[in-house]
Amino acid sequence: MVTPHPNHKPPEHGIHLMTDTIKLDINGKAFTLAAEPRVTLLDALREHLGLTGTKKGCDQGQCGACTVHLDGERVLACLTLAAQAEGKAVTTIEGLAGEDGTLHAVQAAFLEHDAFQCGYCTPGQIMSAVACIREGHAGSDAEIREYMSGNLCRCGAYPHIVAAVRQAAEAVR
Amino acid sequence: MTPLDMPMKHGDAGDGASIGQRLSRHDGKLKITGSADYALERQFEHAAYAVLVPATIGAGRVVSVDTAAALAAGAILVLTPEDDLGLAQATTFTGQRPEGAFLPLPHEIRFDGQSVALVVAESLEAATEAARRIKVTYEAAPVTASLVQTPEDAGTVGEQFNVAWGDAQAAYADAPVKIEADYHTPREYHAAMEPHGLIAKWDGDRLTVWQPSQWVHAMARNYSDWFGIPMEDVRVVSPYVGGGFGSKGFNYGWEALVPAAARRLGRPVKLALSRPQNFNLYGGRASTRQTLKLGATKDGMLQSILLTGASETSTYGVWPEQVGAATPLMYGTPNYRGQQRIVQVNTVTPGALRGPGKAPSAFGIESAMDELAYAVGVDPLEIRLRNQPDHDRMSNKPWSTRRLREALTEGAAAFGWDKRPMAPRSMRDGHQLIGWGVATGTFPVIRNYGEAEIRVTAEGRVEVVSGATDIGQGTYTVLAQTAADAFGVPVDEVSVRLGDSSLPGSPVAGGSKLAGVMTGAVHKAATAAREELIGLALTHPDSPFHGIEANTLELKGGRLTPPRADAPNVTVAELLRAIGRDGLTVRRDTLPEDMQSPEERKRAWTTMTTAQGPTVGDYSQHSWCAHFAEVRVDEDFGTVRVSRIVSAFDCGLLYNPKLVESQWQGGIIMGIGMALFEEGLVDARNGRVVNNNLGDYLVPTNADVPEIQVISVGIPDTNASLLGGKGVGEVGIVGVAPAIANAVFHATGKRVRDLPITLEKLI
Numbered sequence: 001m002v003t004p005h006p007n008h009k010p011p012e013h014g015i016h017l018m019t020d021t022i023k024l025d026i027n028g029k030a031f032t033l034a035a036e037p038r039v040t041l042l043d044a045l046r047e048h049l050g051l052t053g054t055k056k057g058c059d060q061g062q063c064g065a066c067t068v069h070l071d072g073e074r075v076l077a078c079l080t081l082a083a084q085a086e087g088k089a090v091t092t093i094e095g096l097a098g099e100d101g102t103l104h105a106v107q108a109a110f111l112e113h114d115a116f117q118c119g120y121c122t123p124g125q126i127m128s129a130v131a132c133i134r135e136g137h138a139g140s141d142a143e144i145r146e147y148m149s150g151n152l153c154r155c156g157a158y159p160h161i162v163a164a165v166r167q168a169a170e171a172v173r
Numbered sequence: 174m175t176p177l178d179m180p181m182k183h184g185d186a187g188d189g190a191s192i193g194q195r196l197s198r199h200d201g202k203l204k205i206t207g208s209a210d211y212a213l214e215r216q217f218e219h220a221a222y223a224v225l226v227p228a229t230i231g232a233g234r235v236v237s238v239d240t241a242a243a244l245a246a247g248a249i250l251v252l253t254p255e256d257d258l259g260l261a262q263a264t265t266f267t268g269q270r271p272e273g274a275f276l277p278l279p280h281e282i283r284f285d286g287q288s289v290a291l292v293v294a295e296s297l298e299a300a301t302e303a304a305r306r307i308k309v310t311y312e313a314a315p316v317t318a319s320l321v322q323t324p325e326d327a328g329t330v331g332e333q334f335n336v337a338w339g340d341a342q343a344a345y346a347d348a349p350v351k352i353e354a355d356y357h358t359p360r361e362y363h364a365a366m367e368p369h370g371l372i373a374k375w376d377g378d379r380l381t382v383w384q385p386s387q388w389v390h391a392m393a394r395n396y397s398d399w400f401g402i403p404m405e406d407v408r409v410v411s412p413y414v415g416g417g418f419g420s421k422g423f424n425y426g427w428e429a430l431v432p433a434a435a436r437r438l439g440r441p442v443k444l445a446l447s448r449p450q451n452f453n454l455y456g457g458r459a460s461t462r463q464t465l466k467l468g469a470t471k472d473g474m475l476q477s478i479l480l481t482g483a484s485e486t487s488t489y490g491v492w493p494e495q496v497g498a499a500t501p502l503m504y505g506t507p508n509y510r511g512q513q514r515i516v517q518v519n520t521v522t523p524g525a526l527r528g529p530g531k532a533p534s535a536f537g538i539e540s541a542m543d544e545l546a547y548a549v550g551v552d553p554l555e556i557r558l559r560n561q562p563d564h565d566r567m568s569n570k571p572w573s574t575r576r577l578r579e580a581l582t583e584g585a586a587a588f589g590w591d592k593r594p595m596a597p598r599s600m601r602d603g604h605q606l607i608g609w610g611v612a613t614g615t616f617p618v619i620r621n622y623g624e625a626e627i628r629v630t631a632e633g634r635v636e637v638v639s640g641a642t643d644i645g646q647g648t649y650t651v652l653a654q655t656a657a658d659a660f661g662v663p664v665d666e667v668s669v670r671l672g673d674s675s676l677p678g679s680p681v682a683g684g685s686k687l688a689g690v691m692t693g694a695v696h697k698a699a700t701a702a703r704e705e706l707i708g709l710a711l712t713h714p715d716s717p718f719h720g721i722e723a724n725t726l727e728l729k730g731g732r733l734t735p736p737r738a739d740a741p742n743v744t745v746a747e748l749l750r751a752i753g754r755d756g757l758t759v760r761r762d763t764l765p766e767d768m769q770s771p772e773e774r775k776r777a778w779t780t781m782t783t784a785q786g787p788t789v790g791d792y793s794q795h796s797w798c799a800h801f802a803e804v805r806v807d808e809d810f811g812t813v814r815v816s817r818i819v820s821a822f823d824c825g826l827l828y829n830p831k832l833v834e835s836q837w838q839g840g841i842i843m844g845i846g847m848a849l850f851e852e853g854l855v856d857a858r859n860g861r862v863v864n865n866n867l868g869d870y871l872v873p874t875n876a877d878v879p880e881i882q883v884i885s886v887g888i889p890d891t892n893a894s895l896l897g898g899k900g901v902g903e904v905g906i907v908g909v910a911p912a913i914a915n916a917v918f919h920a921t922g923k924r925v926r927d928l929p930i931t932l933e934k935l936i
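If you read the protein sequences in the order shown, they are chains A and B.
So the first sequence is numbered by our numbering: it starts at 1 and just counts up by one.
So the second sequence is numbered by our numbering: it starts at 174 and just counts up by one.
Keep in mind the hints are simulated off the structure, nothing from the lab.
Be aware that a few hints might be false.
Said to hold, decoys possible - Quick list of the computed label-pair ranges, beta carbon to beta carbon:
id, chain 1, residue 1, chain 2, residue 2, range
1, A, Gly101, B, Met595, 40 to 46 Å
2, A, Glu73, B, Arg305, 29 to 35 Å
3, B, Thr758, A, Glu99, 33 to 39 Å
4, A, Glu73, B, Asp809, 36 to 42 Å
5, A, Gly61, B, Arg305, 15 to 21 Å
6, B, Asp869, A, Gly136, 30 to 36 Å
7, B, Pro403, A, Gly101, 41 to 47 Å
8, B, Arg379, A, Pro37, 34 to 40 Å
9, A, Gly50, B, Gly273, 53 to 59 Å
10, A, Glu99, B, Gly756, 15 to 21 Å
11, B, Pro403, A, Glu170, 55 to 61 Å
12, B, Gln882, A, Leu79, 53 to 59 Å
To be verified - Covered stretches of chain B, going by a simulated chain A footprint (3 or more residues, C-beta under 8 Å):
id, segment
13, 205–211
14, 366–378
As the list claims (entries may be wrong) - In silico SDA-like pairs for lysine to any residue, Cα to Cα no more than 25 Å straight-line:
id, chain 1, residue 1, chain 2, residue 2
15, B, Lys570, B, Thr782
16, B, Lys466, B, Asp552
17, B, Lys831, A, Leu111
18, B, Lys202, A, Leu111
19, B, Lys831, A, Asp100
20, B, Lys202, A, Arg38
21, B, Lys831, A, Ala108
22, B, Lys202, A, Thr32
23, B, Lys202, A, Ala108
24, B, Lys202, A, Gly150
25, B, Lys202, A, Thr102
26, B, Lys202, A, Gly98
27, B, Lys831, A, Lys23
28, B, Lys202, A, Val172
29, B, Lys202, A, Arg173
30, B, Lys202, A, Lys23
31, B, Lys466, B, Ser568
32, B, Lys374, A, Gly150
33, B, Lys202, A, Ser149
34, B, Lys308, A, Arg38
35, B, Lys202, A, Leu103
36, A, Lys23, B, Arg215
37, A, Lys29, B, Arg215
38, A, Lys29, B, Leu203
Predicted, not measured: the structure shown is a model, and the values here were computed from it.
Even for Gly, the Cβ is constructed at its ideal location relative to N, Cα and C.
Please model the complete structure; the sequences and the hints are all you need to start from.
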């Protein structure tokens, strides 16, 4: 539920640039931001909250670079309004490692297998991989390839991504 | 000691403690935790957001731009062709500087999507909405949409691309076996995952730009030229780059609008292109066509190669995609003639995309060799082995190292090529026709100069400092390895700072040369730092080594050890503490003596005029590869799946095989895209790229990529670089598309000569 900011005044030129207060639970921490209702979760993270680990590759729901978890399910942050995430637990790449910095099994496997080059699609790949394993879709290399195909990697790290997901799936099994 | 003095161990592996090792990425942890700060992620309190407005005609003139509705919708600034921004033309990579004013928003429209206005607002959402409300009135002119719309003899001959030896026409006429075929490659796009853009911030007359860049020094010079300020007052920052593939090496005109807007507003301005704008505000690989004629004996020995090709460019800039870039290097023909035309169409000026020239060139010659193999009934692997050249006929120089024969034979063995039946359509699995194809590739060794600084801290850690960039190829990692070995510390004790034009000079991260150039510079600086430290250890009165009878000390694993066992043995930190130093800084470059003036240094770091091509010097130097592909083609639907690839490479010494294998695989995967998916579709009416997004311009997904085996057959080539490496980044894509096309022929009996190989071409 979103409500107009109490201090909101319509601008003189007649275009309503409403600012809302949006409350988000991100990686177990509470955030409040003042933003227009048309702000996506992706832009809220990157432009308003300084959480730039989630990447903007296409802003059209085509590349997967902005993949985050909402209540544990993978979603595209560019196709989710920030306001839609209210009341849900948002998990981003910044919230994946342990509080003491211990890497998640998927992160460690990505590093070991060199499952990235430029690194820009990587947070989305890792968030997808964590969900892919949790969904039970990492049973074979063919299944991993299929269920990781929503995340494009132009550097072409796919074979190493498959190897990393396979190893991490075995580690958490 | 230089690397030449080091004892050689084996094959392509390095011999230092660190170089040649399969180390994980130095910057890896930052990238897997989301903490690597890509340029466009820099946060500012009062940044304004900019959006570019695209032209909706393919050629003509802007008559007027109506900004009223945009300003009413929240725009705080609109720049249009009417604005005089007071910019000057910038020096290009050729070192030439055109005269006169630079107009980033010209009235003349040369291609669909060209920027006609920049809209700035308080938020990205407001700027996007305001940009939508800009109303432009045009005078449209006729459009030439793409190369396929132009006749065979369109354009002009690029005389600099003429290559000839022997009498190719006469030899072709006399040849017992003749092959003639036309090959075509479409527009292809970089589609790097990180969009282009920049953040500009002025502090008085000093400008800082955060921008994904393959070459921060050249971009800093470019901004200084545009804005008429000293280069020292411009800083371009690009610590991590989300993929470039050739697209982030030079500035594009629209980029000037962002610092211009930031100066007018007195606050930082950020622009990130939308994904569709990433398809038309900078150029991808130009569309090409080529006609190849091969003349041969009945046992497949080449007698003549005749190549006539063409590539498209824009109406305002020249970028040749050289279809003859690989053709004259691959085979030993006694007669050769190649020619290339450049054809103007209404497109943004094309640019360099991984394996520029070489990739479409190899598609032509390597498809044609397969056609010749079938014409004479010789196995496609065997015909390639028979025609390997003993030297470079184009330059008449010996190869520095050319282990393409080894790549072919070792790749074939790993693939199981000897089990291949010659006849097409002779292998199947149910509805799937199976085919095996082979093709080779090459990329030149380009040499240049670099500069690096080594900082030794009080704790004995080593920092490598360079303005070079890491676009994912592994600059951070291999420079850490180089410094560790040359200075004598474990690689964990090395940190690396890159991607900032205020740091030491570097050439572009392009042309597969950066690792070779910069490992040379870092090796020189780190060796000098070690020598300086050892000198201090032997001569400083407070040093524990003072007065010992030794000419030198060993520095290994971070410890200084003397030749005599009874003398002290201390860490770098202990020595620095003893002699009262808080560190050591040494800067070195690899420029020759006569290029040390400020003008020459600027030329070296900001233009391509100091780059040395593959045949400068006594040898002809190139990387080589051989690809073996298996495809499965659905007989009913014509769908092609690549089911297996084995590729063998000669890239000299591998600084870090783990990272090299990643780059090779990445190049091969981009080659799968070139073979099967990638094609910029152009609207014939207005030249608009209609599939300008990642859902319609298809790049390989994870499910499109099979198991890929990569093999190194290289040996160190110290003519190519100080440590013996040749380029690895681009060669991987070269030859993949023809290997797949040849496999499709083997599976189906159908020869597809225009990429990509889509199902309608097979049914």
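For each hint, the structure was consulted:
{"no.": "1", "hint": "A:Gly101 x B:Met595: 40 to 46 Å", "in the structure": "violated, 58 Å"}
{"no.": "2", "hint": "A:Glu73 x B:Arg305: 29 to 35 Å", "in the structure": "holds, 32 Å"}
{"no.": "3", "hint": "B:Thr758 x A:Glu99: 33 to 39 Å", "in the structure": "holds, 38 Å"}
{"no.": "4", "hint": "A:Glu73 x B:Asp809: 36 to 42 Å", "in the structure": "holds, 37 Å"}
{"no.": "5", "hint": "A:Gly61 x B:Arg305: 15 to 21 Å", "in the structure": "holds, 20 Å"}
{"no.": "6", "hint": "B:Asp869 x A:Gly136: 30 to 36 Å", "in the structure": "holds, 32 Å"}
{"no.": "7", "hint": "B:Pro403 x A:Gly101: 41 to 47 Å", "in the structure": "holds, 43 Å"}
{"no.": "8", "hint": "B:Arg379 x A:Pro37: 34 to 40 Å", "in the structure": "holds, 39 Å"}
{"no.": "9", "hint": "A:Gly50 x B:Gly273: 53 to 59 Å", "in the structure": "violated, 42 Å"}
{"no.": "10", "hint": "A:Glu99 x B:Gly756: 15 to 21 Å", "in the structure": "violated, 34 Å"}
{"no.": "11", "hint": "B:Pro403 x A:Glu170: 55 to 61 Å", "in the structure": "holds, 58 Å"}
{"no.": "12", "hint": "B:Gln882 x A:Leu79: 53 to 59 Å", "in the structure": "violated, 38 Å"}
{"no.": "13", "hint": "205–211", "in the structure": "holds (count 7)"}
{"no.": "14", "hint": "366–378", "in the structure": "holds (count 3)"}
{"no.": "15", "hint": "B:Lys570 x B:Thr782", "in the structure": "holds, 23 Å"}
{"no.": "16", "hint": "B:Lys466 x B:Asp552", "in the structure": "holds, 20 Å"}
{"no.": "17", "hint": "B:Lys831 x A:Leu111", "in the structure": "holds, 11 Å"}
{"no.": "18", "hint": "B:Lys202 x A:Leu111", "in the structure": "holds, 7 Å"}
{"no.": "19", "hint": "B:Lys831 x A:Asp100", "in the structure": "violated, 29 Å"}
{"no.": "20", "hint": "B:Lys202 x A:Arg38", "in the structure": "violated, 34 Å"}
{"no.": "21", "hint": "B:Lys831 x A:Ala108", "in the structure": "holds, 16 Å"}
{"no.": "22", "hint": "B:Lys202 x A:Thr32", "in the structure": "violated, 29 Å"}
{"no.": "23", "hint": "B:Lys202 x A:Ala108", "in the structure": "holds, 9 Å"}
{"no.": "24", "hint": "B:Lys202 x A:Gly150", "in the structure": "holds, 23 Å"}
{"no.": "25", "hint": "B:Lys202 x A:Thr102", "in the structure": "holds, 11 Å"}
{"no.": "26", "hint": "B:Lys202 x A:Gly98", "in the structure": "holds, 14 Å"}
{"no.": "27", "hint": "B:Lys831 x A:Lys23", "in the structure": "violated, 44 Å"}
{"no.": "28", "hint": "B:Lys202 x A:Val172", "in the structure": "holds, 20 Å"}
{"no.": "29", "hint": "B:Lys202 x A:Arg173", "in the structure": "holds, 24 Å"}
{"no.": "30", "hint": "B:Lys202 x A:Lys23", "in the structure": "violated, 30 Å"}
{"no.": "31", "hint": "B:Lys466 x B:Ser568", "in the structure": "holds, 22 Å"}
{"no.": "32", "hint": "B:Lys374 x A:Gly150", "in the structure": "violated, 36 Å"}
{"no.": "33", "hint": "B:Lys202 x A:Ser149", "in the structure": "holds, 24 Å"}
{"no.": "34", "hint": "B:Lys308 x A:Arg38", "in the structure": "holds, 23 Å"}
{"no.": "35", "hint": "B:Lys202 x A:Leu103", "in the structure": "holds, 9 Å"}
{"no.": "36", "hint": "A:Lys23 x B:Arg215", "in the structure": "holds, 24 Å"}
{"no.": "37", "hint": "A:Lys29 x B:Arg215", "in the structure": "holds, 22 Å"}
{"no.": "38", "hint": "A:Lys29 x B:Leu203", "in the structure": "holds, 21 Å"}
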